[in-house]
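Trainee: Now for the letters of each chain:
Number of protein chains: 4
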Amino acid sequence: MPSPHYRIFFVHFGMNIKEIQDKLAKFAEERDWDQFHSPKNLVMALTSEVGELNELFQWLTEEQSSIKDDDSPKVDEIGYEIADIFIYLLRLADKLDIDIEVAVREKIEINAKKYPVDLAKGNSKKYNELDK
Amino acid sequence: MPSPHYRIFFVHFGMNIKEIQDKLAKFAEERDWDQFHSPKNLVMALTSEVGELNELFQWLTEEQSSIKDDDSPKVDEIGYEIADIFIYLLRLADKLDIDIEVAVREKIEINAKKYPVDLAKGNSKKYNELDK
Amino acid sequence: MPSPHYRIFFVHFGMNIKEIQDKLAKFAEERDWDQFHSPKNLVMALTSEVGELNELFQWLTEEQSSIKDDDSPKVDEIGYEIADIFIYLLRLADKLDIDIEVAVREKIEINAKKYPVDLAKGNSKKYNELDK
Amino acid sequence: MPSPHYRIFFVHFGMNIKEIQDKLAKFAEERDWDQFHSPKNLVMALTSEVGELNELFQWLTEEQSSIKDDDSPKVDEIGYEIADIFIYLLRLADKLDIDIEVAVREKIEINAKKYPVDLAKGNSKKYNELDK
Numbered sequence: 001m002p003s004p005h006y007r008i009f010f011v012h013f014g015m016n017i018k019e020i021q022d023k024l025a026k027f028a029e030e031r032d033w034d035q036f037h038s039p040k041n042l043v044m045a046l047t048s049e050v051g052e053l054n055e056l057f058q059w060l061t062e063e064q065s066s067i068k069d070d071d072s073p074k075v076d077e078i079g080y081e082i083a084d085i086f087i088y089l090l091r092l093a094d095k096l097d098i099d100i101e102v103a104v105r106e107k108i109e110i111n112a113k114k115y116p117v118d119l120a121k122g123n124s125k126k127y128n129e130l131d132k
Numbered sequence: 001m002p003s004p005h006y007r008i009f010f011v012h013f014g015m016n017i018k019e020i021q022d023k024l025a026k027f028a029e030e031r032d033w034d035q036f037h038s039p040k041n042l043v044m045a046l047t048s049e050v051g052e053l054n055e056l057f058q059w060l061t062e063e064q065s066s067i068k069d070d071d072s073p074k075v076d077e078i079g080y081e082i083a084d085i086f087i088y089l090l091r092l093a094d095k096l097d098i099d100i101e102v103a104v105r106e107k108i109e110i111n112a113k114k115y116p117v118d119l120a121k122g123n124s125k126k127y128n129e130l131d132k
Numbered sequence: 001m002p003s004p005h006y007r008i009f010f011v012h013f014g015m016n017i018k019e020i021q022d023k024l025a026k027f028a029e030e031r032d033w034d035q036f037h038s039p040k041n042l043v044m045a046l047t048s049e050v051g052e053l054n055e056l057f058q059w060l061t062e063e064q065s066s067i068k069d070d071d072s073p074k075v076d077e078i079g080y081e082i083a084d085i086f087i088y089l090l091r092l093a094d095k096l097d098i099d100i101e102v103a104v105r106e107k108i109e110i111n112a113k114k115y116p117v118d119l120a121k122g123n124s125k126k127y128n129e130l131d132k
Numbered sequence: 001m002p003s004p005h006y007r008i009f010f011v012h013f014g015m016n017i018k019e020i021q022d023k024l025a026k027f028a029e030e031r032d033w034d035q036f037h038s039p040k041n042l043v044m045a046l047t048s049e050v051g052e053l054n055e056l057f058q059w060l061t062e063e064q065s066s067i068k069d070d071d072s073p074k075v076d077e078i079g080y081e082i083a084d085i086f087i088y089l090l091r092l093a094d095k096l097d098i099d100i101e102v103a104v105r106e107k108i109e110i111n112a113k114k115y116p117v118d119l120a121k122g123n124s125k126k127y128n129e130l131d132k
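Going down the list, the sequences are from chains A, B, C and D. Just so you know, we're using the working numbering here: the first sequence kicks off at 1 and counts up by one. Just so you know, we're using the working numbering here: the second sequence kicks off at 1 and counts up by one. Just so you know, we're using the working numbering here: the third sequence kicks off at 1 and counts up by one. Just so you know, we're using the working numbering here: the fourth sequence kicks off at 1 and counts up by one.
For reference, chain A alone in the conformation it holds in the complex (with noise of 0.2 Å):
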């Protein structure tokens, strides 16, 4: 008789947003510094870092700034400017309990409605200028 088959699927997907907010937390309280992680105080500090990306745009062409080069330490720098934004994004939603994934999804429909597909093709204009 065959043995019975125990097959145990161990499926991970995609980034768990909510681990990485507990370890961040974790982070802030070894470090006593939960007193300076207001929301308001945490908005500043994600400017700060959206400063610094785009210091690494600023003189860029656009066309350069298209460039995937994964020798490149600037793509690098660019990945931990991103890094650093994606964390006080992540830290201020778990301060204001917001579920970022809920939001990211419901505005997500909110775009597809103020952007259809026809009148929002092939133009950069705002929603409230889009010809109706």
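Source of the hints: derived by calculation from the structure; they are not laboratory data. Heads up, the beta-carbon is just placed ideally off N, CA and C, and yes, glycines get one too. Mixed in with the good hints there might be a few duds.
Going by beta-carbon spacing under 10 Å, a handful of chain A positions derived as facing chain C [said to hold, decoys possible]:
| hint | residue |
| --- | --- |
| 1 | 43 |
| 2 | 46 |
| 3 | 55 |
| 4 | 56 |
| 5 | 58 |
| 6 | 120 |
| 7 | 127 |
| 8 | 130 |
Dock chains B, C and D against the given chain A, drawing on the hints supplied.
Mentor: Chains B, C and D alone, transformed into the frame defined by chain A:
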């Protein structure tokens, strides 16, 4: 007679970053928006959303900024601004083939070295100003 | 007989924006930097300086942020960040033939209409949220 | 007989920064807004205006961004955004007793040393990356 099958699925769904990136790519493609989505332009679009996030916090005290109130329209607005920033961040990373999760995990490790608990505890100094 | 007297008053009121703009234009020209100074790029450069200004304030309480201390190195740093933003703002306006003074004076008048004293007094609501 | 008096007034009116700062201070005082205008908050308000400036440029090519067209409503909008940033910058400096003109003139000299013509010519490298 077939043996019973015990399939144990241990499915962890975190946020599927790749799936959202694909959704956003399709969204842009349908609207012929790739012509506008150079990394440089995406950084500016992200910056403009960060400006809107600042607007929501600019006159709040730190204490007021910390209030979690599900019924407040402001919390919804903040959630959508976070989503907007998140969306542009994912799109930017996608355009440059940057794996956000890898970058975030590496950056957290880098930060742990830059800010050792014993030196960073209870102060908000920048790593290069910590007394070593 | 008393000699006639020639009184020459050389009164300099205020900052000569045009003179500074010309100085900045010459600075860029000597370095062959006009190729980088498109208005779009100048906006990003300005944004990057604004990020640095945010960094100086991000962990301060509002009260700490209000301290004027001439001997503090931080006040010098803030001064130079303000100068950096100011410089890019002047350069951007120059590139687009925008008269900053005219724009500022018009904007103050517009704001006076948007925020009438009796409605705006003591609150920080945006003009479109004022109870009219 | 009194000698003729030749009084030659050579009056140069640049922008009177102090006069505008006083106007803005009065504007805030009349509306009881000083409670909101901590330097920290003013930095966030300035940032939010910088976000709006980014929005106006985000999808433009560099070439499109360089067009000066007095009849374009966009140029007016850009002018007012520059004015908004300028206004918050003046207010911030006023609150911290920072003399913008002095800071700007000093910063231009610092930049001249950081970016000597022979090293900086024709490239957009940051001063600490210039080949010396």
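Trainee: A separate judgement is required for each hint: does it hold in the structure or not?
Mentor: We went through each hint and held it up to the structure:
Satisfaction of the interface hint for residue 43 of chain A is found here, the shortest Cβ-Cβ separation to chain C being roughly 9 Å, below the 10 Å cut-off. Here the hint on residue 46 of chain A is kept, as its CB sits about 9 Å from the closest CB of chain C, short of 10 Å. Hint status for residue 55 of chain A: holds, given a least beta-carbon distance of 4 Å to chain C, under 10 Å. The restraint placing residue 56 of chain A at the interface with chain C holds, with a minimum CB-CB distance near 9 Å, inside the 10 Å limit.
With a least beta-carbon distance of about 4 Å to chain C, the hint placing residue 58 of chain A at the interface is held under the 10 Å criterion. Annotation: residue 120 of chain A was flagged as interfacial toward chain C, and the flag is violated, the nearest CB pair being 22 Å apart, outside 10 Å. Restraint check, residue 127 of chain A versus chain C: the minimum CB separation of about 17 Å is more than 10 Å; hint violated. Interface hint status for residue 130 of chain A: violated, as the beta-carbon distance to the closest one in chain C is roughly 21 Å, over 10 Å.
Hint compliance for this structure: hints 6, 7 and 8 are not met, and every other hint is.
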